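Residue numbers (this note's numbering), protein chains in the order written: chain X, 1 to 160; chain Y, 1 to 160; chain H, 1 to 160; chain W, 1 to 160; chain D, 1 to 160; chain C, 1 to 160.
Honestly, the hints are just simulated from the structure, not real lab data.
Nothing here was measured: the structure is a model prediction, and the numbers come from that model.
There may be inaccurate statements among the hints.
Since the list can't tell identical chains apart, any single copy or any two copies may satisfy a pair.
[To be verified] Here are the simulated DSSO-like pairs of lysine-lysine, each with C-alpha atoms no more than 30 Å apart in a straight line:
#1 K61 to K157
#2 K31 to K157
#3 K157 to K4
#4 K4 to K81
#5 K144 to K60
#6 K61 to K38
#7 K153 to K31
#8 K4 to K84
#9 K108 to K144
#10 K31 to K108
#11 K4 to K121
#12 K133 to K84
#13 K144 to K121
#14 K60 to K38
Protein chains: 6
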Amino acid sequence: MTRKAIYPGTFDPITFGHLDVIERAAALYDKLFIAVAKSEDKNPLFTVAERIEMISEAVKKYDNVEVESFEGLVVDYAVRKQVKVVIRGLRMISDFEYEFQMALTNRKLNSDIETVFMMPKDSYSYLSSRLIKEVSRLGADISKFVPSHVERKLRGKKDE
Amino acid sequence: MTRKAIYPGTFDPITFGHLDVIERAAALYDKLFIAVAKSEDKNPLFTVAERIEMISEAVKKYDNVEVESFEGLVVDYAVRKQVKVVIRGLRMISDFEYEFQMALTNRKLNSDIETVFMMPKDSYSYLSSRLIKEVSRLGADISKFVPSHVERKLRGKKDE
Amino acid sequence: MTRKAIYPGTFDPITFGHLDVIERAAALYDKLFIAVAKSEDKNPLFTVAERIEMISEAVKKYDNVEVESFEGLVVDYAVRKQVKVVIRGLRMISDFEYEFQMALTNRKLNSDIETVFMMPKDSYSYLSSRLIKEVSRLGADISKFVPSHVERKLRGKKDE
Amino acid sequence: MTRKAIYPGTFDPITFGHLDVIERAAALYDKLFIAVAKSEDKNPLFTVAERIEMISEAVKKYDNVEVESFEGLVVDYAVRKQVKVVIRGLRMISDFEYEFQMALTNRKLNSDIETVFMMPKDSYSYLSSRLIKEVSRLGADISKFVPSHVERKLRGKKDE
Amino acid sequence: MTRKAIYPGTFDPITFGHLDVIERAAALYDKLFIAVAKSEDKNPLFTVAERIEMISEAVKKYDNVEVESFEGLVVDYAVRKQVKVVIRGLRMISDFEYEFQMALTNRKLNSDIETVFMMPKDSYSYLSSRLIKEVSRLGADISKFVPSHVERKLRGKKDE
Amino acid sequence: MTRKAIYPGTFDPITFGHLDVIERAAALYDKLFIAVAKSEDKNPLFTVAERIEMISEAVKKYDNVEVESFEGLVVDYAVRKQVKVVIRGLRMISDFEYEFQMALTNRKLNSDIETVFMMPKDSYSYLSSRLIKEVSRLGADISKFVPSHVERKLRGKKDE
């Protein structure tokens with residue numbers, strides 16, 4: 001039996017924190033789908049195509065990781081992909097409660113889908129895409145937070 | 001002496017979590033006013049009139065519950081209604097700190113008004129109007145979260 | 001109808017934080033029972049008789065407050081007293097989660113009993129009987145934390 | 001490849017909350033080891049043998065679940081069993097921080113072992129073995145918290 | 001050696017909570033720079049000039065406090081001012097996690113700059129500029145939250 | 001003027017987390033007193049003399065750090081040493097609320113003494129002396145958590 005999992009998110013843009021979760025999840029499952037939510041209401045900085053391209057570049061070393069976009073509910077996407085496990089990274093600070101609320105809501109929507117939480121490396125536990133975009137806009141060197149190809153993309157956005 | 005209480009909120013829209021708090025509060029007080037805040041700055045999905053109508057339908061079985069809208073401060077509304085108790089539901093996750101901040105601010109504004117917190121049923125502790133609107137927009141079946149007449153209204157909004 | 005409430009606790013010893021909750025609850029209910037748990041497993045510093053005496057002295061100005069001890073479950077005590085409301089103070093720090101856990105357990109044990117939470121004055125939000133006993137033992141002037149007759153009793157304990 | 005996981009704990013005694021996590025984990029892994037820590041320093045109410053017996057009775061319906069005791073570090077036990085995944089239930093209240101602290105410590109001790117967190121059913125999120133023992137001792141009907149054979153065992157302890 | 005510190009923020013507008021932190025920090029350092037972030041993306045109610053004017057009026061009694069605006073990263077501003085300490089007030093509720101996330105990000109950006117946290121007076125622990133603006137707009141008397149000259153400015157904004 | 005600070009604690013035993021806070025504080029103050037609380041009620045594993053010896057060995061590279069024991073209240077010790085600043089490390093997890101409670105109590109006991117909080121390195125944010133003693137007793141290699149001379153001492157205790 002092939003063990004598959006979905007790691008959904010907005011990834012606007014992908015950070016070393018996300019990549020650490022991906023590395024851990026890829027080791028535990030035969031197949032990992034990174035599912036990029038369109039999230040138009042969050043007014044993302046990068047288009048879905050740009051986000052998929054940045055993630056694909058960052059995960060090309062993993063044979064069992066695939067990057068896709070999805071619309072609608074995560075649980076419906078999981079059903080379409082015949083996957084029962086949704087992975088979420090749980091940072092030590094700041095998103096515990098939101099994650100629980102979302103996971104319990106998803107369980108009510110489809111009790112077949114199980115959310116499992118994984119912990120990123122402690123030194124990435126404070127990383128957030130939002131904060132990275134903010135300090136990048138203010139001129140920060142963000143090479144400690146994102147891969148270099150993402151850094152270049154972020155710098156490009158700033159100049160637009 | 002008639003014991004009266006106010007249960008204020010935006011109720012955009014009312015959920016089973018709110019209704020659970022209402023049922024508990026209606027059992028403890030002779031008169032319960034559900035006070036719908038206009039909250040124009042929150043850009044609500046439903047008009048005040050729509051929200052009042054949905055709540056009224058949901059609480060018509062309680063003799064001692066009345067639904068009204070209010071503008072301005074909750075504590076000023078309480079004074080106008082000659083009520084000293086403000087009820088707030090305290091979900092296990094996500095609103096503890098905001099609720100405390102608001103309650104302490106209200107106490108500073110009028111020390112005669114007391115905020116008392118009640119706990120909704122554990123299985124409703126994760127419900128939020130915001131999340132329900134989000135998953136409804138994405139196509140979710142929300143019949144486990146809101147009464148059927150609210151569900152129909154939400155579906156109607158989506159088609160607009 | 002007489003509105004009655006129970007305010008249970010160990011009160012080892014009573015602090016200005018407890019007294020603030022009592023003042024607020026006494027204003028909202030016709031009758032308030034302060035229910036002193038024997039809590040032998042917590043190895044209290046004061047006997048039940050001493051704790052009742054200290055509380056009685058501190059609340060003698062309220063006509064509608066009565067002090068008693070109880071054994072067993074709070075919900076069973078509430079049934080014996082024909083009271084449906086259990087009051088708990090909710091400090092801004094340190095006891096939120098334990099209080100919720102206890103309130104939900106009590107609700108499972110007897111769904112007729114409702115726990116309502118009240119907030120003590122902000123400047124008492126950090127007071128704890130445990131901490132007061134600790135700093136008193138180390139020689140602190142605790143007159144800002146407890147009534148003077150409790151302070152004397154605590155000093156007496158230290159000299160034993 | 002056989003996917004195996006360990007669910008370690010003291011289980012003093014096992015509750016419906018633990019059993020809910022076990023059911024979810026047993027569905028995700030080919031083999032689940034329930035690893036009962038001796039935890040002598042926690043002064044458990046039940047012996048390891050009693051705890052294993054109560055768990056075994058409760059999980060006999062699952063073909064892929066095995067109950068064992070272990071001494072020493074969880075990560076060392078995992079290595080001996082050739083398992084890379086440690087399951088922990090994450091209740092909405094009360095143990096988030098301790099769980100994270102333990103998981104990060106375990107990762108430092110052996111980075112090959114991954115802790116994954118699963119959420120028990122919302123209505124079990126407040127259950128704790130400690131609280132159940134406490135209310136049982138005070139005479140509570142605990143049939144909503146533990147299986148009937150555990151309830152009988154707990155009653156037996158009280159009469160000792 | 002002159003001990004200098006920076007207290008950065010948006011201060012939209014300055015509250016008694018901020019002023020309490022300023023008083024404490026001014027007592028611990030030879031020189032304190034209050035650094036007003038432009039924060040255009042937060043869409044502040046007051047212009048930088050207005051915010052600086054209100055703060056200057058409120059801190060004129062301190063000889064060692066200077067008010068300035070800054071653009072860009074706090075850590076870069078600190079380098080320009082040759083200051084190694086950034087002060088942040090830590091309220092008992094609501095900003096702990098965000099503050100930690102920001103402080104750790106700043107440390108990654110420049111490890112020479114140290115963030116130290118100070119606690120405002122307990123009775124100011126719930127104050128937030130956002131909430132004060134909200135209740136002021138709804139007609140509240142905010143004289144307990146901000147200095148009188150700030151109160152007048154806020155009332156002026158409402159009439160615009 | 002000499003800027004002095006106290007870093008009080010039980011240090012049973014000192015960890016890399018404590019040492020990281022000491023390094024940061026020693027850089028900000030002219031003189032840093034590490035004040036070892038006797039804490040007999042906590043039943044420490046090491047005697048005060050052993051704890052002082054272990055700390056002294058670990059901090060000998062800092063010219064401005066002195067190690068002492070103290071009895072009684074921290075604020076009284078601070079007065080005796082003519083120090084106005086008490087340093088506390090604030091780990092991302094697990095001690096925020098206790099630290100605030102203690103700091104506010106100390107402020108009530110002596111408003112001249114200011115508690116300032118510093119953040120240890122993120123990768124030490126989960127370290128606790130209690131957990132280290134526990135895993136050491138269970139046979140863990142604790143060289144990532146404490147200096148080697150502390151590790152030897154801990155191993156020695158285990159063999160007693």
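Status of each hint after checking the structure:
1. K61 to K157: within (26 Å within a copy, 45 Å between copies)
2. K31 to K157: Neither: 32 Å inside a copy, 38 Å across copies.
3. K157 to K4: Answer is neither; intra-copy 35 Å and inter-copy 36 Å both fail.
4. K4 to K81: both (9 Å within a copy, 23 Å between copies)
5. K144 to K60: within (20 Å within a copy, 32 Å between copies)
6. K61 to K38: within (25 Å within a copy, 42 Å between copies)
7. K153 to K31: Classified as within: same-chain Cα gap 28 Å, cross-chain 40 Å, threshold 30 Å.
8. K4 to K84: both (7 Å within a copy, 17 Å between copies)
9. K108 to K144: Result: close only across copies, 7 Å inter versus 38 Å intra.
10. K31 to K108: both (25 Å within a copy, 27 Å between copies)
11. K4 to K121: The answer is both: 22 Å in one copy and 23 Å across copies each meet 30 Å.
12. K133 to K84: between (32 Å within a copy, 25 Å between copies)
13. K144 to K121: both (14 Å within a copy, 15 Å between copies)
14. K60 to K38: Classified as within: same-chain Cα gap 22 Å, cross-chain 41 Å, threshold 30 Å.
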